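Undergrad: The residues making up each chain are set out below.
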Amino acid sequence: MSALAVRLAGRRGGFSLEAAFEVPAGGVTALFGPSGSGKTSLLRAIAGLDRLAGRCALGEAVWQDEGRFLPPHRRAVGYVFQEASLFAHLDVRQNLVFAERRAPAGGALIGFEEAVAMFGIAPLLGRRPGGLSGGERQRVALARVLLSQPEVLLLDEPLSALDQPARDEILPYFEMLKHRVALPVLLVTHDLADLERLADRVVVLEAGRVVGSGALNDVLVGESALTRRRDAAAVLPGRIRGFTADGLSEIAVAGEVLLVAGRAGQAGDAVRVRIAARDVSLAVERPSQTTILNILRAEIAAVAPIGEAEVLVTLTLGGERLMARVTRRSAHELALAPGREVFAQVKSVSLAAGSG
Amino acid sequence: MTDLAPPVLLTLALATTTTLLLLVIGVPIAWGLSRWRWAGREAVAAIVALPLVLPPTVLGFYLLLLLGPNGPGGALAGLWGGRTLAFSFPGLVIGSVVYSLPFMVQPVRNAFEAIGDRPLEVAATLRAGPWDRFFSVALPLARGGLISGAVLSFAHTVGEFGVVLMIGGNIPGRTQVLSLAMYDYVESLDWGKAHLVALGMVGFSFIVIAATMLVERRLRPGAA
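The listed protein sequences derive, respectively, from chains G and H.
So for the first sequence, our numbering puts the first residue at 1; every next one is plus one.
So for the second sequence, our numbering puts the first residue at 1001; every next one is plus one.
Because the hints were derived from the structure by calculation, they are not lab data.
In this text the structure is predicted, and so the values were computed from the model without any measurement.
Among the hints, a few may not be true.
Incomplete in silico selection of chain G near chain H, CB under 8 angstroms [claimed, not checked]:
(1) 78
(2) 85
(3) 103
(4) 243
A short list of chain G residues far from chain H (calculated; beta carbon distances all over 12 angstroms) [said to hold, decoys possible]:
(5) 10
(6) 50
(7) 71
(8) 93
(9) 102
(10) 125
(11) 176
(12) 212
(13) 255
(14) 345
The beta carbon of each residue, even a glycine, is placed where N, CA and C say it ideally should be.
This is chain G alone, in the form it adopts within the complex (with noise of 0.2 angstroms):
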């Protein structure tokens, strides 16, 4: 599987585009930014849907440079609209035999019963789009995409025009996908639950331009765009060791073991850790006599001022970076400083199932 190359600029609508980036065959790279800086008129570019000047390939096949410009039924992308949408004058099967006759001869991504079954939509075959649920299209749009034998993922917003049971439902299977196919991915969010449950990858993206990318974790704990926020938070990958006799799991994380309440898939998972920087505490002294269970010996690697009242100090743990907002007065009394060793007490930590 190729990667897909993008370099692209142009004028939409009030203000210009400029942005260059590639992304990767397997996982999930996400194009992150607020609404109106630019994130959809690149994904409706790549697609060829829309016209912006520059160059576009994915691997070997170049689909759009200078004097070149293949329309988007000749680039192998697999687009996912915002609202699921589905032919409404044919009933889901033949939405999924629409794509599936128009697919290349001898693409071997997934089957008609695979891809019915993987989006469990066997009972929905019969039925007209106008009588399914939001969560039901969408999944029905999966299939569909996927049978149409894409080389590239293009998801833009797929989960924004869901309500919250919609989302909890159709988000495992998003997370399934990564798993099952090694294309380059590239999903267009504005979110960052979104954000932090399913993209490997980061492009942040301010008004048109390219302000920061990387790995999940180091665009969270790295780029301003997301440190400043109120819900900040680092995510971690970490596997499921087991679980104790009174109901917590273990998790192993950067070399330390986590406690988290409930149980959370099986042992030898992998899974998504997330400690947001309010949730995180620090005491130059390890902590006793508290309800604190994590307690995380780290080194501080930054201390950055946010406002005029608190501070966002960037920790490292056994290679990995999280981070804790603190009071400005705090760290000046505990003299909070770059090279300082602490403790970490970790108040709150969630988990997003079945991502490495």
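Since the structure of chain G is provided, determine the placement of chain H on it from the hints.
TA: What follows is chain H alone, placed relative to chain G:
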């Protein structure tokens, strides 16, 4: 009773031919008007809509000039040894097509516009080319408009009077359609036949309208 048959058959033949031709001509025009931004688009839309406001006799008068021996229609007829397209079935068809064009183009254009860009973009990203998108997405999604357009064109052609009188000349057996025959029956105080035709037309119109409404209800998106 037997002399009712020629105008009835002629009317049905004229309306059927006109409707089929209008599907071939009107649907591409409606597509061009609804989906492409081009200079002169609104001018074309206005010309297409012109027959809605023009008195049929005015339209008939110009068509008569165009189709007559000295117009392009006469030249065309010369190709197969004729002298004029006026006062002939082909002339009636041309006149009816022009006259009923807005009745086909408008509903179909509205139906194409109601589809929006999204289904066609989805089809494109599922590797459907432009023709494929037109035939397997746009036309099926616009079928309500197509049926309305066809029914309206057919009914409008059946009911037209002024244009066919000007172009056709009311020649019994050749260009005398039902509406002209009806006029003749009344003129000659043949009330029996007039009643028959009139009642027949009322029944026909009712069936057309009822059928259109039923079909449109069934084709509404979301209907099983």
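Undergrad: Determine for every hint whether it applies to the structure shown.
TA: Verification of the hints:
1. The closest approach between the C-beta of residue 78 of chain G and any C-beta of chain H is roughly 7 angstroms, which is under the 8 angstroms cut-off, so the hint is satisfied.
2. Proximity of residue 85 of chain G to chain H holds as hinted, the smallest CB-CB distance being about 5 angstroms (cut-off 8 angstroms).
3. Because the beta carbon of residue 103 of chain G sits about 7 angstroms from the nearest beta carbon in chain H, less than 8 angstroms, this interface hint is met.
4. Taken as an interface hint, residue 243 of chain G does not check out: its beta carbon lies about 45 angstroms from the nearest beta carbon of chain H, beyond 8 angstroms.
5. Against chain H, the non-interface label of residue 10 of chain G holds: every CB pair exceeds 12 angstroms, the least being about 19 angstroms.
6. Listed as outside the interface, residue 50 of chain G is inconsistent with that label: its C-beta sits roughly 10 angstroms from the nearest C-beta of chain H, within the 12 angstroms cut-off.
7. Look at residue 71 of chain G: its CB is around 7 angstroms from the nearest CB on chain H, not clear of 12 angstroms, so calling it non-interface is violated.
8. At roughly 14 angstroms from the closest C-beta of chain H, the C-beta of residue 93 of chain G stays outside 12 angstroms, upholding its exclusion from the interface.
9. Residue 102 of chain G, annotated as away from the interface, has a beta carbon of chain H within 12 angstroms; the closest lies near 4 angstroms.
10. At roughly 14 angstroms from the closest C-beta of chain H, the C-beta of residue 125 of chain G stays outside 12 angstroms, upholding its exclusion from the interface.
11. With a closest Cβ-Cβ approach of about 22 angstroms to chain H, residue 176 of chain G is found to remain outside the 12 angstroms limit, as its non-interface label requires.
12. In this structure residue 212 of chain G is separated from chain H by more than 12 angstroms, as the shortest Cβ-Cβ distance comes to about 29 angstroms.
13. Consistency note on residue 255 of chain G: stated as away from chain H, and its beta-carbon is indeed over 12 angstroms from all of that chain's, at 44 angstroms minimum.
14. Non-interface status of residue 345 of chain G relative to chain H is upheld: no Cβ of that chain comes within 12 angstroms, the nearest being about 49 angstroms off.
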